[in-house]
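Student: Chain by chain, the residues:
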Amino acid sequence: MRILLVEDSPRLSRNIATALRRTGYAVDAAADGEEGLWLAESHDYDAIILDIMLPKRDGLEVLRTLRARGRPVHVLLLTARDTVADRVTGLQAGADDYLVKPFALDELLARVQALCRRAYGTKQTKLVIADLEIDASARIVTRAGRPVELTAREYQLLEYLARRRGEVVSRAEIEEHNYDGQVDPMSNVVDSAVCILRKKIAISDSSAPLIHTRRGLGYVLEATA
Amino acid sequence: MKSLRRQLTRELSGVLAVLFGLALFGLYLVMYHKLTRSFDAALEARALGVSALVEQENGRVEVDFSDKILRGFAAGRARHYFELRDTRAAMIARSPSLQESLLPRPPVGAREKALYWNLTLPNGRPGRAVVFLFRPKSADSRPGAVTMLAELVVAVDRKNFDETLGGLLAAVAGCGGLLLAAVFFVVPRVLRRGLVPLAQFGELAARIDAGSLAARFSAEDLPAELRPIAGRLNDLLARLETSFERERRFSADLAHELRTPLAELRSLAECALKWPEARDPEADRDTLAIAVQMETLVTRLLTLARGERGQLLAQCEAVALAPFVAAVWRPFAARAQARGLRVELAVAVAEAPADPVLLRSLLANLFDNAVDYTPPAGEIIITGNAAGKLQVANTAPDLTPEDVAKLFDRFWRKEAARTGGEHAGLGLNLARTFATAMGWQLTVARECGRLVFTLAAEEKRNGF
Chain A
471 MRILLVEDSP RLSRNIATAL RRTGYAVDAA ADGEEGLWLA ESHDYDAIIL
521 DIMLPKRDGL EVLRTLRARG RPVHVLLLTA RDTVADRVTG LQAGADDYLV
571 KPFALDELLA RVQALCRRAY GTKQTKLVIA DLEIDASARI VTRAGRPVEL
621 TAREYQLLEY LARRRGEVVS RAEIEEHNYD GQVDPMSNVV DSAVCILRKK
671 IAISDSSAPL IHTRRGLGYV LEATA
Chain C
8 MKSLRRQLTR ELSGVLAVLF GLALFGLYLV MYHKLTRSFD AALEARALGV
58 SALVEQENGR VEVDFSDKIL RGFAAGRARH YFELRDTRAA MIARSPSLQE
108 SLLPRPPVGA REKALYWNLT LPNGRPGRAV VFLFRPKSAD SRPGAVTMLA
158 ELVVAVDRKN FDETLGGLLA AVAGCGGLLL AAVFFVVPRV LRRGLVPLAQ
208 FGELAARIDA GSLAARFSAE DLPAELRPIA GRLNDLLARL ETSFERERRF
258 SADLAHELRT PLAELRSLAE CALKWPEARD PEADRDTLAI AVQMETLVTR
308 LLTLARGERG QLLAQCEAVA LAPFVAAVWR PFAARAQARG LRVELAVAVA
358 EAPADPVLLR SLLANLFDNA VDYTPPAGEI IITGNAAGKL QVANTAPDLT
408 PEDVAKLFDR FWRKEAARTG GEHAGLGLNL ARTFATAMGW QLTVARECGR
458 LVFTLAAEEK RNGF
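Protein sequence lines, in the order shown, are assigned to chains A and C.
The opening position of the first sequence corresponds to residue 471 in my numbering, with each subsequent residue numbered one higher.
The opening position of the second sequence corresponds to residue 8 in my numbering, with each subsequent residue numbered one higher.
Simulated from the structure, these hints should not be mistaken for laboratory data.
Please note: incorrect hints may appear among the correct ones.
[Unchecked claim] On the chain C side, residues computed to face chain A include the following (Cβ under 10 Å):
{"id": "1", "residue": "Asp-242"}
{"id": "2", "residue": "Ala-262"}
{"id": "3", "residue": "His-263"}
{"id": "4", "residue": "Glu-264"}
{"id": "5", "residue": "Leu-265"}
{"id": "6", "residue": "Glu-277"}
{"id": "7", "residue": "Cys-278"}
{"id": "8", "residue": "Lys-281"}
{"id": "9", "residue": "Glu-289"}
{"id": "10", "residue": "Ala-290"}
{"id": "11", "residue": "Ala-296"}
{"id": "12", "residue": "Ile-297"}
All residues carry an ideal CB built from backbone N, CA and C; glycine is no exception.
Let the sequences and hints guide you as you build the complete structure.
Tutor: Encoded structure:
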């Protein structure tokens with residue numbers, strides 16, 4: 471899952487980005503409204519965390535511009551403005567959620583997770599593919615009842631494929647949604663990650679392969695018939 | 008509670024009732040007079056008729072009782088009475104209607120003119136009488152014949168007349184009562200209708216509270232008497248709205264200024280607890296920076312609060328401005344140079360009474376802003392004249408007149424976002440508080456794309 475964080479306080483931005491990356495999200499950070507709008511329009515983010523009081527362009531203005539241009543991306547407003555009128559204005563401008571500073575990091579992560587779930591049109595927190603079970607709220611993966619140890623990034627990749635199960639997901643899409651701007655686009659990071667993930671979820675020799683390669687197209691996660 | 012409508016109703020009803028009462032009383036008096044005069048005229052005509060029947064011959068006076076004029080004076084009818092006496096009041100003749108009784112004697116007084124008065128007739132009924140002296144016609148028509156004077160009293164029953172007067176009085180009193188009732192019925196209603204705009208105005212005013220200060224009274228719909236009030240109230244509302252807006256902005260800004268560093272601090276701590284193995288080496292430095300930022304904010308707010316309460320005491324002494332300003336500027340020179348700013352420092356030799364600590368802080372605030380907000384390749388000009396007036400001017404092409412008006416507002420910054428913690432938007436407010444505490448004045452103006460702060464000791468009039 472790829473998140474855009476638009477926050478002008480460098481310290482806060484750094485902390486939130488660290489927390490999101492540690493949770494497995496790919497994070498792009500912008501320090502002002504113009505940069506934020508440019509990034510939001512040039513990438514397909516799963517969610518945007520947007521401050522309201524931003525240099526150059528107000529967060530609400532960025533949000534309205536995005537909505538006016540038909541971008542359906544889920545937006546969480548993160549701001550120090552706490553009055554009911556502020557919340558109403560924010561939600562009416564097209565925000566999906568609103569969180570007031572200071573906030574609990576866990577709450578922010580949970581809200582971002584909920585927004586990402588909604589991005590794939592489902593509210594389910596438990597995803598089951600054959601004997602593979604993914605508990606999205608506890609971020610626990612089991613295969614045939616046995617836990618599978620994954621890093622945050624690997625988990626995100628698996629959840630992303632699981633949310634789009636049965637669909638062929640291209641490398642470009644995986645890169646767009648799971649890797650931020652810090653990753654070299656020429657690298658074969660996606661192939662390596664998928665390869666490692668395949669190995670980790672194949673807990674025994676009898677485990678059926680779940681991630682299949684479609685040559686020239688990408689990958690698909692599904693139970694073989 | 009005092010009510011304008013009640014008071015007006017009371018006073019207007021009272022005044023109208025008195026006026027109507029006086030008018031009706033006057034009308035009654037006029038009518039009474041007219042009726043009495045016509046009654047008296049009829050009485051006089053009757054008396055003249057009687058006097059025409061009196062003749063004198065050879066010193067004897069006689070009445071011709073056979074004439075039909077005297078029918079009303081006959082015995083038994085008892086409606087009219089007369090007595091004829093000589094000037095010594097000796098009875099000459101009297102009407103048969105009097106029988107044995109006498110009429111009461113008329114009041115004492117001159118008899119040249121007819122005199123009218125009320126009396127009780129012998130039959131006990133109320134009557135009215137006239138008395139006058141006259142010279143009965145004489146049978147002896149020779150010139151120089153001696154004739155005598157006679158006094159004639161004629162009295163008539165006045166019961167019908169009294170009844171007419173009573174009817175008139177009753178009619179007037181009835182009219183008075185009706186008018187009074189009409190006054191008490193109509194006046195409150197007319198006043199209520201007339202004062203509807205005032206009541207509506209009051210209701211509108213009562214609906215205004217802290218949340219609806221943007222409301223204004225529409226002068227066009229109001230009567231002329233209320234327009235000046237509406238105008239003044241609109242002015243007052245505008246001032247209140249501005250002041251409330253400023254207070255609201257201050258509270259929101261203060262919340263923002265405190266919430267952002269708190270959010271930073273909290274996220275830092277939570278990250279450190281959640282992922283202790285990946286501790287950011289910058290975290291401690293960040294924590295310290297946040298603490299310093301919040302400490303500065305709180306110190307400044309406290310200083311401002313003290314300044315506003317008048318608790319900031321300045322210890323003024325004569326300060327040589329040229330070396331003082333140069334010394335305060337020194338730490339900023341390197342930063343200005345690094346940003347490529349052109350700086351001109353020209354302070355004339357002058358002394359001014361100032362608190363060195365407050366003046367240093369004040370100038371440092373102005374210099375800090377000038378160095379940070381002047382665009383690259385801009386200029387800063389610091390001047391001082393012999394009278395001790397200091398000016399700090401810097402290039403500020405982006406500031407609008409509206410921005411300049413808000414410069415001294417707490418937490419105001421040109422950019423709504425508060426990036427970083429170096430400027431909290433309190434410096435200029437604090438600078439002005441320091442200036443006021445020292446008895447100086449700090450003003451700001453925008454001249455030819457430059458922002459010019461002028462700092463001068465307030466002029467003391469006539470040595471006071």
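Student: Which hints, by number, does the structure contradict?
Tutor: 1
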